[in-house]
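Student: Between the sequences and the hints, there should be enough to build the whole structure, so can you do that?
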Amino acid sequence: SAVISQKPSRDICQRGTSLTIQCQVDSQVTMMFWYRQQPGQSLTLIATANQGSEATYESGFVIDKFPISRPNLTFSTLTVSNMSPEDSSIYLCSVGDTGELFFGEGSRLTVL
Amino acid sequence: GESVGLHLPTLSVQEGDNSIINCAYSNSASDYFIWYKQESGKGPQFIIDIRSNMDKRQGQRVTVLLNKTVKHLSLQIAATQPGDSAVYFCAENFGNEKLTFGTGTRLTIIP
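These protein sequence lines are chains A and B, in that order.
Straight run, no breaks: the first sequence in our numbering ends on number 165.
Straight run, no breaks: the second sequence in our numbering ends on number 154.
Don't read these hints as lab results, they were simulated from the structure.
Remember, it's a predicted structure, so these values are computed and weren't measured experimentally.
Hints should not be assumed to be uniformly reliable.
Sample of chain B residues facing chain A (criterion: CB under 8 Å; computed from the structure) [stated by the list, open to error]:
#	residue
1	Lys-111
2	Gly-126
3	Phe-132
4	Phe-144
5	Pro-154
Derived EDC-like pairs (lysine to aspartate or glutamate); straight-line CA-CA distance at most 16 Å [claimed, not checked]:
#	chain 1	residue 1	chain 2	residue 2
6	B	Lys-114	B	Asp-98
7	B	Lys-99	B	Asp-127
8	B	Lys-141	A	Asp-140
9	B	Lys-85	B	Asp-127
10	B	Lys-141	A	Asp-117
11	B	Lys-85	A	Glu-158
12	B	Lys-141	B	Asp-98
13	B	Lys-114	B	Asp-60
14	B	Lys-111	B	Asp-92
Beta-carbon label-pair distances, calculated as ranges [unchecked claim]:
#	chain 1	residue 1	chain 2	residue 2	range
15	B	Lys-85	A	Ser-122	18 to 28 Å
16	A	Leu-165	B	Ala-121	36 to 46 Å
17	A	Ser-112	B	Gln-101	35 to 45 Å
18	A	Lys-118	B	His-115	30 to 40 Å
19	A	Glu-158	B	Thr-53	19 to 29 Å
20	A	Gly-105	B	Lys-99	38 to 48 Å
21	A	Gln-67	B	Lys-99	24 to 34 Å
22	A	Ser-112	B	Gln-57	34 to 44 Å
23	A	Phe-128	B	Gln-119	23 to 33 Å
24	A	Gln-94	B	Asn-110	21 to 31 Å
25	B	Ser-71	A	Asp-79	33 to 43 Å
26	A	Lys-118	B	Lys-85	24 to 34 Å
27	B	Pro-154	A	Ser-122	13 to 23 Å
From the three backbone atoms N, C-alpha and C, an ideal C-beta is built for every residue, glycine too.
Tutor: This is the structure in structure tokens:
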């Protein structure tokens with residue numbers, strides 16, 4: 054199984070600011086994904102982080118709001134831009150190569 | 044659009060008893076299903092999976108049943124323990140590593 058480290062684990066942010074979340078994997082993986090989990094709810098896929106090309110976003114998510122980088126096969130970042138209280142969520146990085154997905158511990162963001 | 048959902052949002056079970064968590068899915072093209080366990084403050088943890096060409100799969104204290112006729116998935120946990128208290132999610136995979144998650148069921152084990 055892959056070991057996934059996310060930073061920060063939690064943060065309190067001011068409205069209108071942006072925050073970048075980092076995801077580091079202990080092995081090279083083809084597929085990396087970013088999910089959002091709003092309070093008390095299930096997980097929703099934001100985008101697929103593609104190495105060497107632009108991320109692929111799901112319906113309802115756009116690059117201007119959630120820019121993603123994937124510079125290599127072990128690292129990705131997700132930025133939550135111009136935050137509002139509605140962006141208060143847990144943001145989760147996941148990786149998978151054979152169907153089974155592994156998740157990081159998540160980054161819990163609270164926007165005031 | 045296609046969705047994966049659960050019948051019950053909460054479930055309380057006496058320690059030592061068996062629990063069953065249910066999940067309905069709507070996409071008949073799904074070929075892979077996974078159950079995840081999420082403890083408070085942690086990311087989802089893989090429990091067990093099942094492919095669409097199977098109807099039952101067993102792990103340690105857990106069994107997943109798949110009924111493709113009625114598009115229903117269930118997770119059975121035998122001899123529940125306090126550590127089983129968590130939120131359980133079913134997830135549906137279309138073969139491209141992307142998962143669609145169900146609503147989630149909070150399982151509470153009563154000592």
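Student: Each of the hints needs a verdict: does it hold here or not?
Tutor: Now for the hints, and whether the structure bears them out:
no. : hint                              : result
1   : Lys-111                           : violated (18 Å)
2   : Gly-126                           : violated (18 Å)
3   : Phe-132                           : holds (6 Å)
4   : Phe-144                           : holds (4 Å)
5   : Pro-154                           : violated (24 Å)
6   : B:Lys-114 - B:Asp-98              : holds (11 Å)
7   : B:Lys-99 - B:Asp-127              : violated (21 Å)
8   : B:Lys-141 - A:Asp-140             : violated (22 Å)
9   : B:Lys-85 - B:Asp-127              : holds (14 Å)
10  : B:Lys-141 - A:Asp-117             : violated (22 Å)
11  : B:Lys-85 - A:Glu-158              : holds (5 Å)
12  : B:Lys-141 - B:Asp-98              : violated (22 Å)
13  : B:Lys-114 - B:Asp-60              : violated (26 Å)
14  : B:Lys-111 - B:Asp-92              : holds (15 Å)
15  : B:Lys-85 - A:Ser-122: 18 to 28 Å  : holds (25 Å)
16  : A:Leu-165 - B:Ala-121: 36 to 46 Å : holds (45 Å)
17  : A:Ser-112 - B:Gln-101: 35 to 45 Å : holds (36 Å)
18  : A:Lys-118 - B:His-115: 30 to 40 Å : holds (36 Å)
19  : A:Glu-158 - B:Thr-53: 19 to 29 Å  : holds (24 Å)
20  : A:Gly-105 - B:Lys-99: 38 to 48 Å  : holds (41 Å)
21  : A:Gln-67 - B:Lys-99: 24 to 34 Å   : violated (51 Å)
22  : A:Ser-112 - B:Gln-57: 34 to 44 Å  : holds (42 Å)
23  : A:Phe-128 - B:Gln-119: 23 to 33 Å : violated (39 Å)
24  : A:Gln-94 - B:Asn-110: 21 to 31 Å  : holds (26 Å)
25  : B:Ser-71 - A:Asp-79: 33 to 43 Å   : holds (37 Å)
26  : A:Lys-118 - B:Lys-85: 24 to 34 Å  : holds (26 Å)
27  : B:Pro-154 - A:Ser-122: 13 to 23 Å : violated (47 Å)
In the structure shown, a violation is registered for the earlier hints numbered 1, 2, 5, 7, 8, 10, 12, 13, 21, 23 and 27, in ascending order.
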